[in-house]
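The listed protein sequences correspond, in order, to chains A and B. The first sequence maps to residues 17 to 173 in this note's numbering. The second sequence maps to residues 12 to 304 in this note's numbering.
Hints are not guaranteed to be accurate.
To be verified - Residues from chain B that keep clear of chain A, each with C-beta distances beyond 12 Å, as calculated:
1) 65
2) 98
3) 150
4) 297
Stated by the list, open to error - Keeping only pairs whose Cα atoms sit at most 25 Å apart, straight-line, the calculated PhoX-like set for lysine-lysine is:
5) B:172 - B:100
6) B:53 - B:160
7) A:19 - B:53
8) B:166 - A:55
9) B:250 - B:235
10) B:172 - B:53
Source of the hints: derived by calculation from the structure; they are not laboratory data. In this text, all values refer to a predicted model and were calculated from it rather than measured experimentally. A virtual CB, placed ideally from N, CA and C, is assigned to each residue, including glycine.
What follows is each chain in one-letter form.
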Amino acid sequence: MAKRAITINVNGTEHPVQVAALDRLIDVLRDQQNLKSVKEGCSTGDCGICAVLVDGKLVNSCLMLAAQCDGRRVTTLEGLLEDQTMKRMQGSFIANNAAQCGFCTPAMLMASWDLARHSPEPSDEEIKVTISGILCRCTGYYQIIDSVREGCERGER
Amino acid sequence: MPTLELYSPTDLNDALRFMDHDGRNAAVIASGTDLLPRMRRKQISPSVLVDISSFTEDLRYIRQSEGTIRLGALTTVTDLLESPLFYGKLSIVREASMLFGAPQVRNVATVGGNICSAASSEDLIPVFMALGANLKLVSAKGERTVPLKDFIVKKRETTIKPSEVLAEVNFSPPGGHSWTAYEKLGRRNMLILAMVNEALSMTLEDDLQTIRSARVALNRVSGKIPALAVKTNDFLEGKRVTDQTITQAQKVLASELSLTSDFRGSGEYRTEVAQVYLRRLVERCARRIGGPS
Chain A
17 MAKRAITINV NGTEHPVQVA ALDRLIDVLR DQQNLKSVKE GCSTGDCGIC
67 AVLVDGKLVN SCLMLAAQCD GRRVTTLEGL LEDQTMKRMQ GSFIANNAAQ
117 CGFCTPAMLM ASWDLARHSP EPSDEEIKVT ISGILCRCTG YYQIIDSVRE
167 GCERGER
Chain B
12 MPTLELYSPT DLNDALRFMD HDGRNAAVIA SGTDLLPRMR RKQISPSVLV
62 DISSFTEDLR YIRQSEGTIR LGALTTVTDL LESPLFYGKL SIVREASMLF
112 GAPQVRNVAT VGGNICSAAS SEDLIPVFMA LGANLKLVSA KGERTVPLKD
162 FIVKKRETTI KPSEVLAEVN FSPPGGHSWT AYEKLGRRNM LILAMVNEAL
212 SMTLEDDLQT IRSARVALNR VSGKIPALAV KTNDFLEGKR VTDQTITQAQ
262 KVLASELSLT SDFRGSGEYR TEVAQVYLRR LVERCARRIG GPS
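Okay, chain B solo, but in the shape it has when bound (with noise of 0.2 Å):
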């Protein structure tokens, strides 16, 4: 590897005073398992690593307070397919985490990360996003909070600022007659990262018939990042679940995407297989709100 530095600061202050200097030539680790390789492969030379992983106390928790789910960057993965939180309608964060890597990754890596990467092979970033998930970044300066729809720019780039870290993501579990849903295709069940991966929080009228809202997020809709696909998810709004319903909204996700081929896939495969996932993605939601939960 390469030599550089690598900072331990004492408490979050001490990073964000740090990054706040040298925040531009400096990366945040975490875990490392998405950092190092990425270092290893010469894809990204920072000059110094600051180190958060510690911070456990300020930012590693799972809360639900006034309707908002909460979580730490620091989460681990494991933390996620631990807690009570996601049966249910939010089954969908375990459904992700149970396909992320394998055991002694989910161990470490944390959600910020996940998040952070922010490369169209993460299996959390559709995920919240279908959620409408906000992301808290926190500075010397303060803190703000932007959209994670809004986050990721290009392909592992973001509109996190050089002396920011991303301290927590929340969002409002969806209410009334909702579900959720998460599928994810590799080249293998484990240890893979994803060629497809797609996500739908579906919520429904009180008819059980009518789309009060959908909201699917794709690994890819156009160029190399997650992304919510609006065009389909605006279609979805108001028409009833029927079979005609989702082939068309199969069609419009298909115009929508505009997939790329690479060595995990060609993309006229990955858009035929989002539009599969698309039907299943809706046809189970409605199920699962229409029978019992």
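Looking at chain A on its own, in the form it has when it is part of the complex (with noise of 0.2 Å):
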């Protein structure tokens, strides 16, 4: 099938794109941007391993097709590693031992990262709630509750 060409600004940086008609967000991601913290897990939304901020707004990018996407801004876990409040997440979450498998770590760091900017000093409520469309294989919530209310209340704005 013929592809079309667009552009996504991934990680602040515009690409020029070729994509199917109905290639995901994730394969171009992955598999074009080589962006490996973006990972396939259910690829039905009901995971969320996949997350990452498009325009600002976390989304799962296994239910997001590439051509819906031109024009827009993707931010990926790469793009945010001179970030000083996802380094303070990450520190976190490496102190807490948050990451078991590690799988998840990454869509857990975006959606963290995405709370700990709008809010310094969230509830456990708001935390869970942040973090409620990911899932742990490895069910070790409570370091990751843990993790996300530190790396959140070390942040200055």
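Bring the two chains, given one by one in their own frames, into a single complex with the hints.
Given below as structure tokens:
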């Protein structure tokens, strides 16, 4: 099938890409942009492991067609490695042993970073809602909740 | 995924022209959070997807004018949560939105998509049914308005024509001494499709005891589609809110429901839960109408 040319801003850089009609955002990010922090789990929106930010909103990249991202701004964990809030959040995840197998960690970090930006002192309820769409297969949720709380607290705005 | 075409119209009129010619084999895609998994599971096999997701100027809005609240079909669930309109009497919309999917889904999933999905697990359909919502359907030839309560005819089947696109959901907020409430049961609190969800919009007379109108809607009444519990609503009208009334209404509801079992729960359990929810909803609405708002 004919591919179409689109432009997606990925982590601050405009990338012209060729996509087939039904290529998903996750396909472009992983296969064309080599951004492997974006994991593919269920492919049906149930596990949230593929979460990225599109125009600043957390979305499941397995449920979004790449063609629908033409002209939009996509942020993955790779794009936030130098970000101070993200550095604090990562440090907090490490300090609290919040990663066991690590498969959900990039998505957890993206969701937590998004929360930290808006909410410096989130309640546990807010944290739970924030990560409610991301499945941790190891079920180490308490360490993750602790990490997010601390990662947000340390963030100055 | 199967090979099929994606049509990205230049504007809504272009989309409607396309649907007028080729709508029969087309599926409209907004966020795709429901459509894409269904296509993956081969539950639906359109030959072309018509992408309306970029028409946010035309179809993504929350407006209130002359007493009517109008939601563009591309309004996201997050938009509903961020709107100042859905507090107080209309907090039902917030309550249901908070229990809708998870943040990543709420950020993109649309009001129009939820309604057109027309399944018995959609969070917003019973809510808008309880609010007496109407749908505005547009096509290249014009537009028409249909009540949501008559829109869904079978599981995943609506009265929308192949040439039409859902453009707007609108409703008049309940006036007078009224309140709304929502209950949902799934196997977990979040990111779960409902086994039972139930919505109520209730208005009392000036005596704050007699029910002027009650609209209960559930994800399933008979068959696997959301609907108003018509007999229960008729029963409640004109009755005083008492323990006895509610107990009787629960029996009416149970007789009105014909629920089947599936992997989410048995019909018997669903019926039991629906009755418990009816009591909670009526009591909560009555309390809120009587109390400070």
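Structure-based check of all given hints:
1. For residue 65 of chain B, the shortest C-beta to C-beta distance to chain A comes to about 8 Å, within the 12 Å cut-off, and the non-interface label is violated.
2. Every CB of chain A lies more than 12 Å from the CB of residue 98 of chain B, the least distance being 18 Å, so the non-interface label holds.
3. With a least beta-carbon separation of about 23 Å from chain A, residue 150 of chain B lies farther than 12 Å from that chain, consistent with its non-interface assignment.
4. For residue 297 of chain B, the non-interface assignment is confirmed: its Cβ lies about 28 Å from the closest Cβ of chain A, beyond the 12 Å cut-off.
5. Our distance criterion of 25 Å between C-alpha atoms is broken by residue 172 of chain B and residue 100 of chain B, whose separation comes to about 34 Å.
6. Between the alpha carbons of residue 53 of chain B and residue 160 of chain B the distance comes to roughly 28 Å, so the proposed pair goes past 25 Å and is violated.
7. Between residue 19 of chain A and residue 53 of chain B, the direct Cα distance comes to roughly 23 Å. Compliance with the 25 Å bound is thereby established for this hinted pair.
8. At roughly 33 Å between alpha-carbon atoms, residue 166 of chain B and residue 55 of chain A are farther apart than 25 Å, so this suggested pair is violated.
9. Simply put, residue 250 of chain B and residue 235 of chain B have alpha-carbon atoms about 30 Å apart, too far for the 25 Å limit, and the pair is violated.
10. With a CA separation close to 22 Å, the supplied pair residue 172 of chain B and residue 53 of chain B stays within the 25 Å bound.
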